[in-house]
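S.K.: So the chains spell out like this:
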Amino acid sequence: MKIHSKQINHTPMVMVLILLLFFPGFSPVSALNETRDYSRPDEVNKRIMQIKQQGGQAVKIHKLTSSPGGSDLLMLEIGSETGSESRKNPAILVAGNMDGTRPITTEAALYLAEKVISDRSSYTDLTWFILPMGNPDAHSRFFENIIYVDSRNFAPHNDDMDEFTDEDPYNDLDGNGVISKMRVKSPEGTWIPVSGDPRLMRKAEYKDGEKGIYKIYDEGIDDDGDGEYNEDGKGGTNVNANFPHLFEPFKAQSGPYPGSTPEVYAILKFAFEHPEIAMSFSFGSTNFLLTPPRGGRQGSVDMDKISIPEEMAKMMGFDHTRTYTMQEIMEKVQPMLPAGMEVDESMIASFLGLGAVVNPMQEDLVFYNSISEEYKKYLEEKAGKSERMDPASAKDGSFELWSYYHLGVPVFSMDLWGVPKKEEEKKESSGITVESLEKMNSDGFIALGEEKISQFLKESGAPAEFSADRVIAMVKGGQVTPSQMAGMMKQMPKPAGDAKKGDPGEQALLAFSDEVLGGAGFIDWKPYSHPDLGEVEIGGFKPYSDINPPAEMMDSLLDLHVPFVFELVKKMPELMISEVKTEERGAGIYALDIWVENKGFLPFCTQMGKRNKIPAPAIITLDGDGLEFLSGKKRTPIQELDGKKAVKQTWLIRADKNTTLNIKLDSKTAGHDSKQIKLGE
Amino acid sequence: MKTIKIFSLVTILLLSTVCQAQEISVPLRFDHYYTYEQVTEALQALNRTYPEFTKIEEVGKSEEGRIIWALTINNPATGKELSKPGVYVDGNIHGNEIQAGEVCLYLANRLLAKYSENKDIKEIVDRNVFYIIPVVNVDGRYHFFNDPNTPSSNRSIRIPVDDDRDGLFDEDFPEDLNGDGSITQMRIRDTLGKLKTDPEDPRLMIAVEPGETGEWTLLGAEGIDNDGDGRVNEDAEGYVDGNRNWGYNWAPSYVQQGSGYYPFQGTGIKAIAEWMIARPNIIMVFAFHNSGGMFLRGPSIKTQGELHPGDIQVYDYLGKNAEKIVPGYRYLISWKDLYTTYGDFTSFCDNILGSYSFVGELFQVETETYDGTLFRKSEEQSLFGSSNDQDRERLKYNDHVTQGELYHEWKPYNHPVYGEIEIGGWSKMSSRLPHSFMLQDLVHRNASAVIFAAQQTPDVSLEVFENKKIDKDLYRIRVRLYNKGAMASMLYSSVNNKLYPKDKLSISCKSGSVISGGKLTDAFNNVAEYKKHKPEIQFCQVPGFSKVEYQFLVSGKGKAVINYESRKAGSKSVEVDLK
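Line by line, the protein sequences give chains A and B.
Counting with the numbering used here, you get residues 3 to 683 for the letters of the first sequence.
Counting with the numbering used here, you get residues 17 to 595 for the letters of the second sequence.
FYI, nobody ran anything at the bench for these hints, they're computed from the structure.
One or more hints might be untrue.
[Unchecked claim] The list that follows gives simulated cross-link-like pairs (lysine-lysine, DSSO-like), each with its CA atoms no further than 27 Å apart:
| id | chain 1 | residue 1 | chain 2 | residue 2 |
| --- | --- | --- | --- | --- |
| 1 | A | Lys187 | B | Lys547 |
| 2 | B | Lys548 | A | Lys187 |
| 3 | A | Lys236 | B | Lys138 |
| 4 | A | Lys334 | A | Lys615 |
| 5 | B | Lys96 | A | Lys334 |
| 6 | A | Lys253 | B | Lys130 |
| 7 | A | Lys271 | B | Lys77 |
| 8 | A | Lys454 | A | Lys384 |
| 9 | A | Lys205 | A | Lys253 |
| 10 | B | Lys318 | A | Lys253 |
| 11 | A | Lys615 | B | Lys548 |
| 12 | A | Lys316 | B | Lys318 |
| 13 | B | Lys518 | A | Lys236 |
| 14 | B | Lys547 | A | Lys217 |
| 15 | B | Lys550 | A | Lys187 |
| 16 | B | Lys550 | A | Lys253 |
| 17 | A | Lys65 | B | Lys286 |
| 18 | A | Lys307 | B | Lys520 |
| 19 | A | Lys48 | A | Lys271 |
| 20 | B | Lys548 | A | Lys236 |
| 21 | A | Lys615 | A | Lys635 |
| 22 | A | Lys253 | B | Lys518 |
| 23 | B | Lys138 | B | Lys77 |
| 24 | B | Lys352 | A | Lys236 |
| 25 | A | Lys615 | B | Lys286 |
| 26 | B | Lys352 | A | Lys334 |
| 27 | B | Lys318 | A | Lys334 |
| 28 | B | Lys550 | A | Lys236 |
| 29 | A | Lys253 | B | Lys520 |
| 30 | B | Lys484 | B | Lys412 |
| 31 | A | Lys307 | B | Lys318 |
| 32 | B | Lys485 | A | Lys334 |
Please build the complete structure, drawing on both the sequences and the hints.
M.R.: In structure tokens:
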């Protein structure tokens with residue numbers, strides 16, 4: 003991105019100093035060397051080709067599809083089984099920049115691929131599927147002559163439902179190469195400048211008797227003369243809103259149906275053709291390592307409190323006035339089914355129309371929270387303590403949510419950078435966070451004292467009825483534990499802060515622009531004579547300044563964050579046969595016990611995967627000459643095994659003494675193992 | 017010599033009858049069911065006979081590589097395809113629901129064969145374009161005819177799914193153990209069983225009373241345990257239901273079995289969706305299934321909320337008439353009167369393609385009676401068990417009206433696991449399919465329901481009902497759009513969801529300018545909703561059986577041209593002289 007680097011170059015030493023202060027992980031060497039720019043779509047694909055050349059046989063490029071704008075989506079496959087038919091290794095699916103607005107995330111995916119090919123051991127037992135640029139059309143906007151942030155690809159779409167398509171884009175009126183904002187005085191204005199820093203704008207507060215002065219528009223004119231500004235720019239579907247989980251039809255950017263855009267359809271198809279995918283990772287706008295996936299969405303049915311519509315209840319002998327657990331319903335329905343048909347949760351859920359799961363499963367949040375703690379510690383060790391603005395929540399219809407809810411695999415994500423928090427904001431803090439609260443016991447919480455707790459409640463925007471003394475009494479009385487409180491707080495909206503100072507994110511961004519970028523992140527308001535609106539001022543934040551760091555910071559950020567992916571893959575589930583016991587019962591009959599253990603930290607499979615029944619089961623196969631099964635079968639599926647746990651499977655078999663028994667354990671996502679024993683030894 | 021002559025004569029006669037049976041000619045016959053190959057031949061025959069009006073196209077290919085065919089019927093003399101309302105009809109998305117294909121073929125045959133002699137048919141063929149895909153699940157139809165099946169098996173599209181979660185895909189199909197072409201039931205003599213022989217008809221079984229000695233245990237559908245997991249027939253083809261794999265309100269398979277891994281995973285389903293999207297003029301959709309005798313409209317899930325009242329009016333008009341055209345059939349709301357479905361075809365058509373859409377559930381088993389009257393069993397028994405009364409009646413029908421063609425008598429069989437058992441029950445061509453003697457009636461009445469709907473596609477006329485000089489070179493022009501059909505020119509839901517731009521009404525005047533323009537809500541009192549920007553272009557919808565009026569003030573002279581352009585209702589144009 004040219005504009006940033008030019009302006010920053012005026013004061014290189016000052017900047018490096020500041021960066022050192024703010025980001026201890028920032029390496030001055032890379033900053034002083036010639037700065038690397040972010041890669042344009044064609045450069046990204048060139049680098050993918052280079053990786054293929056360097057990696058040789060271990061690397062294959064899958065051309066998934068082309069975007070509506072004509073760019074190829076290239077997926078790198080790196081592994082020891084590349085090109086071979088048989089797939090024994092589990093795989094990780096990595097996507098970069100699905101939103102198309104964060105070029106650093108594409109760089110991260112490329113960086114990861116380069117790291118992987120440079121170390122054979124990183125792909126001996128693991129296949130990497132890396133798609134560095136999932137939304138090339140939007141990605142390319144970053145490099146255009148006039149820049150603005152827009153996640154949509156280049157499929158044409160008639161946004162304003164008039165007689166033309168894509169006819170009213172933004173216009174760079176002041177010719178500075180960026181689309182910023184226009185503020186114009188208007189009788190209908192609702193905005194006023196922030197008194198401390200009039201560069202920032204805020205909504206006028208009616209309750210304080212304020213009247214708005216300005217209206218704010220995006221920079222542009224009414225190209226098609228319909229009275230609206232910039233309402234139908236180039237673009238159709240946001241790739242990262244077009245996945246099937248919580249897909250929202252009829253929204254401006256979502257596309258007509260899930261998978262309607264070729265980028266998404268190709269990913270859906272590829273992923274389900276590769277059942278060895280055991281984990282998914284996104285370099286994008288969310289950061290599940292800092293902030294685990296959020297719950298609190300309405301719509302999930304409580305499986306312990308299912309009510310049954312009157313008609314159905316009558317038909318099946320249920321009481322429609324009470325609720326049932328899933329288990330109760332299953333037990334009652336089973337005898338009504340024809341012989342050989344087994345009832346399961348899906349059958350009941352679909353019959354009663356219970357709908358989809360929309361909140362992360364509690365059991366899965368355990369590993370999310372644990373890994374999050376580890377990541378924070380990792381960052382602190384490598385780069386010292388620093389505070390940044392919260393990452394964005396996962397969007398409905400995003401790759402991240404689809405990976406978790408539909409593929410049923412653990413998904414992690416990184417956004418690599420966030421605007422640093424403003425210094426003064428930190429000072430106000432009570433020192434308690436929701437995360438620290440979660441780990442406190444009741445005594446520890448009470449020991450904080452009323453003042454601190456009161457401060458904390460205020461900061462977190464707790465409702466007024468939850469005063470400090472009341473909360474303390476509740477904890478003392480055992481009605482609520484600190485971790486339950488933390489759970490509730492995670493679902494509350496974030497507190498607004500002091501509205502009069504403007505939006506906290508904007509304040510932090512402005513401070514970052516002033517202090518680190520030498521002012522390059524903000525365009526000062528300048529008067530402009532607008533053809534339709536008359537006298538206006540054009541100015542505001544530079545596009546991308548809040549979501550993508552300056553190119554100078556790229557290398558240090560990649561060096562800091564990306565290697566954690568290698569820590570994550572170490573946690574993948576890994577199944578093994580940990581123990582085999584046989585006991586002779588006479589008459590050539592043996593009781594056989596086999597313990598299968600998940601050595602990995604992550605469960606085989608996620609709780610969500612158990613629910614959606616997508617991840618493939620592991621299979622134990624027993625083989626031996628003349629082997630006869632009195633109890634148990636030759637093939638035994640194992641559907642689930644939590645991390646660091648073992649499960650016992652038992653058989654009663656009959657075979658001659660000294661028969662060799664071959665035990666095989668095969669999982670598409672969690673490895674293979676085998677053992678051989680001789681019966682009766 | 018003589019014997020040789022006679023022999024060759026016989027051979028020729030035999031060959032010619034065989035050829036006759038194979039050759040499909042127009043008009044098509046409906047006293048038998050068409051195999052997948054014969055459906056293709058029938059479409060080709062229609063195309064050969066009516067080359068000007070018809071076109072056959074390959075829409076796409078199925079999982080097993082079979083071609084999905086579409087027949088388009090359009091009279092080129094009355095306009096191009098996309099300039100007319102599109103009526104889309106398909107069938108057999110579930111592989112076993114084969115008579116849906118015959119309804120499609122019958123409709124095509126009737127429209128084409130009767131065009132020149134029946135004025136009602138001529139009118140709808142001239143005014144609409146018909147898109148007909150007789151067989152959606154082409155693999156399913158092929159396997160239904162060629163493999164042993166139950167009346168309900170082989171619905172799926174051919175995407176292998178590990179139904180029993182054992183790591184193997186589609187590894188335990190049922191088997192036609194006794195080789196009679198159908199998958200029927202297995203039963204074993206069992207004094208501890210819960211069933212005994214029905215004293216009224218020994219082929220049926222009834223539950224034993226408490227304390228009574230049992231006679232039978234049902235072992236399920238005919239087959240063996242192919243994969244040795246202790247379960248019989250638990251992982252047959254699929255299961256991916258073609259009618260749960262569409263992109264509106266799609267939900268994964270743990271919410272609803274058979275939805276596939278993602279929307280449009282089915283190659284044929286995806287191809288049809290794309291083919292339909294390329295035909296934005298489609299305003300009416302019929303998707304034929306079996307069975308039950310129903311015309312179903314959306315919504316298909318409760319949480320979607322009721323449809324727009326304006327659309328309900330259209331559905332009611334069509335549905336209540338369809339109920340009469342096909343006696344015994346009921347017009348119902350999908351989620352409420354039947355069950356919830358996610359990702360079904362007609363919801364996609366209704367919401368994403370903007371078409372009024374019905375599912376037609378063909379055939380009522382209640383018509384299988386000895387004396388020909390409708391036998392309505394009590395509703396409660398329908399879900400989890402069969403009514404013996406009805407089965408007794410159906411067996412009499414089988415015995416005396418179809419000469420035993422629908423039922424396989426119980427016969428002994430030596431099963432590798434169960435030992436001495438009996439196999440028997442309803443054949444695959446029973447229960448959901450009419451016997452061929454009833455097929456003609458079924459296809460005609462259901463095709464008539466489609467024809468009734470095709471008479472109700474939007475039929476919009478454009479007229480200038482006032483051209484008044486109000487000052488020097490200033491004219492007030494009032495325009496009326498009137499829709500003779502029951503269907504709105506655009507669904508109300510499409511308007512609300514901003515699915516696509518509304519119909520465009522525009523006025524242009526070479527030597528003049530449009531001062532104002534807007535919807536005239538009260539012509540007598542001159543109340544109009546003026547559009548501030550670009551008054552010469554108005555966006556509108558014309559409701560069924562209704563008019564909408566617009567008013568323009570034009571300053572100028574000479575001719576003004578008024579155009580109406582609709583995605584689904586065609587275009588109209590009029591000229592007025594400003595004087």
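S.K.: Evaluate each hint against the coordinates.
M.R.: Quick rundown of the hints versus the structure:
no., hint, verdict
1, A:Lys187 - B:Lys547, "holds (25 Å)"
2, B:Lys548 - A:Lys187, "holds (22 Å)"
3, A:Lys236 - B:Lys138, "violated (45 Å)"
4, A:Lys334 - A:Lys615, "holds (22 Å)"
5, B:Lys96 - A:Lys334, "violated (59 Å)"
6, A:Lys253 - B:Lys130, "violated (46 Å)"
7, A:Lys271 - B:Lys77, "holds (17 Å)"
8, A:Lys454 - A:Lys384, "violated (30 Å)"
9, A:Lys205 - A:Lys253, "holds (26 Å)"
10, B:Lys318 - A:Lys253, "holds (21 Å)"
11, A:Lys615 - B:Lys548, "violated (56 Å)"
12, A:Lys316 - B:Lys318, "holds (19 Å)"
13, B:Lys518 - A:Lys236, "holds (21 Å)"
14, B:Lys547 - A:Lys217, "holds (23 Å)"
15, B:Lys550 - A:Lys187, "holds (26 Å)"
16, B:Lys550 - A:Lys253, "holds (26 Å)"
17, A:Lys65 - B:Lys286, "holds (20 Å)"
18, A:Lys307 - B:Lys520, "violated (51 Å)"
19, A:Lys48 - A:Lys271, "holds (25 Å)"
20, B:Lys548 - A:Lys236, "holds (25 Å)"
21, A:Lys615 - A:Lys635, "holds (22 Å)"
22, A:Lys253 - B:Lys518, "holds (17 Å)"
23, B:Lys138 - B:Lys77, "violated (33 Å)"
24, B:Lys352 - A:Lys236, "violated (42 Å)"
25, A:Lys615 - B:Lys286, "holds (24 Å)"
26, B:Lys352 - A:Lys334, "holds (23 Å)"
27, B:Lys318 - A:Lys334, "holds (25 Å)"
28, B:Lys550 - A:Lys236, "holds (22 Å)"
29, A:Lys253 - B:Lys520, "holds (23 Å)"
30, B:Lys484 - B:Lys412, "violated (76 Å)"
31, A:Lys307 - B:Lys318, "holds (19 Å)"
32, B:Lys485 - A:Lys334, "violated (79 Å)"
Hint violations for this structure: numbers 3, 5, 6, 8, 11, 18, 23, 24, 30, 32, all remaining hints satisfied.
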